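Residues per chain are reported as follows:
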Amino acid sequence: MGILIEGKKISKSFGGLTAVNGVDFHVMEGEIVGLIGPNGAGKTTLFNLITGIFPPDSGNLTFQEKKLGGLKSFEICRLGIARTFQIVRPFLKMTCLENVLVGIIGREGGTSSQKDKNERARRLMKITGLERLETRLAKDITLIEKKRLEVARALATAPQAILLDEVMAGLNLSEMQQAMELIEMIRSELKITILWIEHVMGAIMKTSDRVIVMDQGQKIMEGKPEAVVTDRRVIEAYLGESDA
Amino acid sequence: MKPATVGFSAAGLALAALLPFLLSQYWLHVMIISLFYVMMASSWNLLAGYTGQVSFAHAAFAGVGAYTSGMISVQLGISPWLGIPLGVAAAGLLGLGLGFLCIRMGGIYLSLTTLGFSEIIRIVITNEDKWTRGTMGLQTPGLFTEYSKTFYYFLFLAVAIAMAAIIYKLIHSEWGLTMRAVLNDEVAASASGINTIRVRLLAFTATSAMAGLAGGLYGHYLMLVTPDIPSLGQMFLVLAMAVIGGMGSFAGPIVGAFVLEILSEYIRSWGEYHVLVFGLIALAMARFAPEGLMGFWTKKRENRGHID
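Chains as they are written, first to last, in our numbering: chain A, 1 to 244; chain B, 1 to 308.
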């Protein structure tokens, strides 16, 4: 089990705002790593840097020791990093099945038969609980279904690592339970490494092997979930500094 | 394909084959022009309706095709049958270049850039009168030794059907799927492994080449190539055909081309105002019935429960 994704001294500024400031991190193969921090901590920016939406100002990103610097989003996807978006971005005017097919085609091009692709897309829709929605347009499904569709589309690119950006937000308790089971299943059965941003602490604590905490663009803490929640710096980042 | 579709197509083809023997020379001319617009509107729709690149340079590429072939045949005495493919290549290459320029642009910026390009082409053609004979127009040789509208009609029909078939194949292939993904959300498409730049460039190049082919044929049919071909008036007519017929659908621009071309023959006395009228109708359709005439048709079918 080696290091899958690694970042060294990653920084990114937008004008005068430093969104990510000298962050070092790594994700081991087969791990589930939680990425937490208050709003504006730079978590989604870090995702965007890893997936090549924009390049870092400085620092090195590697995936399986291959440099990600200068690669475009689609090239990074083809290396094996898939993602979902915090504000969901399904292809609204396409059917759910077509949404998933785009992921399959994106990763491998036209190598396998149409029938084979359709079958794989249907299988992914089944494990994400979308089997009845094949012919529905993505604009006509609920937000929760859209989130699942994004997971299905990301899985369709046959990734080694998947970055999930707040898949739990807006879910009720039983839906959250299902989502956690899905995440566990993605790791145990599909053998995919997971890095996920989440605000729902219970879910992060229960499902992550390790947690990275960010605040104001910096990594302030990293460790086992139990250790992180009781850390003074983490509590301060979320609740503000104590006067004592 | 469903049996009904096959039946319709066969009947349509039979009717199309009989038209030259049923119509007057005047209406045969209208049919030929309509087929030119079928090629123009269908290929523009592939670019604008399927990849979201609303280009205003489509008529300019038809002009490039028409003038390339026209000048080669007039100045060098080369057969138009060779000139037209060269015009297609010239339009395709220029399309690739313009598409490349527009890679980082979307929406209104892309439209404005292509509008500027279109005007540059028209102005160059108008002013380089040593080569193009400017507004006087370039007299070009015909494609057949013996002039016959029937011959031209069948040639235009064959090319239009072939082009429509290629477009149909494309939009129902994986390429079509990736094009629609790019249209829906470029960032998400790229994050799903789609090379969005390649998709956009391919669409730009292919559709520009198609416009070049349409323009080349048109020029050798009229036997007089003028800067009207690469004009914005022409462009807006093509746009109106696609929008009124139904952008983003396969049949929409074909229907739109026939409806508007035939209609414009009836309101010919209005002169240039007919483009204005079509523009206003297109605006109203874009606002109130964005799926165009084809939208009415599919809605009606859905209401009757015929949708599959």
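Since the hints were derived computationally from the structure, they do not count as laboratory data.
Quick caveat, the model's predicted, so the values are computed rather than measured.
Certain hints may be false.
Unchecked claim - Restraint ranges, calculated between C-beta atoms of paired labels, are given here:
#, chain 1, residue 1, chain 2, residue 2, range
1, B, L101, A, L17, 51 to 59 angstroms
2, B, A284, A, G69, 29 to 37 angstroms
3, A, E29, B, L101, 52 to 60 angstroms
Said to hold, decoys possible - Quick partial rundown of chain A residues pointing at chain B, CB under 8 angstroms, derived from the structure:
#, residue
4, I53
5, F54
6, R89
7, F91
8, T95
9, E98
10, I235
11, Y238
Each residue gets a CB set at the ideal place from its N, CA and C atoms; glycine is no exception.
Here's how the hints hold up against the structure:
Taken as a hint, the range 51 to 59 angstroms is violated for the pair L101/B and L17/A, whose Cβ atoms sit roughly 31 angstroms apart. Judged by the Cβ atoms, the range 29 to 37 angstroms given for A284/B and G69/A is violated: they are separated by roughly 50 angstroms. Roughly 43 angstroms separates the CB atoms of E29/A and L101/B, a value that falls outside the hinted 52 to 60 angstroms. Taking 8 angstroms as the C-beta cut-off, the interface hint given for I53/A holds, the closest approach to chain B being about 7 angstroms.
Taking 8 angstroms as the C-beta contact cut-off toward chain B, the hint placing F54/A at the interface is violated, the least distance being around 11 angstroms. The interface hint given for R89/A holds, since its Cβ lies 4 angstroms from the closest Cβ of chain B, which is under the 8 angstroms cut-off. Because the beta carbon of F91/A sits about 4 angstroms from the nearest beta carbon in chain B, less than 8 angstroms, this interface hint is met. At its closest, the beta carbon of T95/A sits 10 angstroms from a beta carbon of chain B; the interface hint therefore is violated under the 8 angstroms criterion.
Hint status for E98/A relative to chain B: holds, with the closest Cβ pair at about 6 angstroms, below 8 angstroms. Of the supplied interface hints, the one on I235/A is violated, with its beta-carbon coming no nearer than about 34 angstroms to a beta-carbon of chain B, more than 8 angstroms. Because the beta carbon of Y238/A sits about 29 angstroms from the nearest beta carbon in chain B, more than 8 angstroms, this interface hint is broken.
In this structure, the hints that do not hold are numbers 1, 2, 3, 5, 8, 10 and 11, in rising order.
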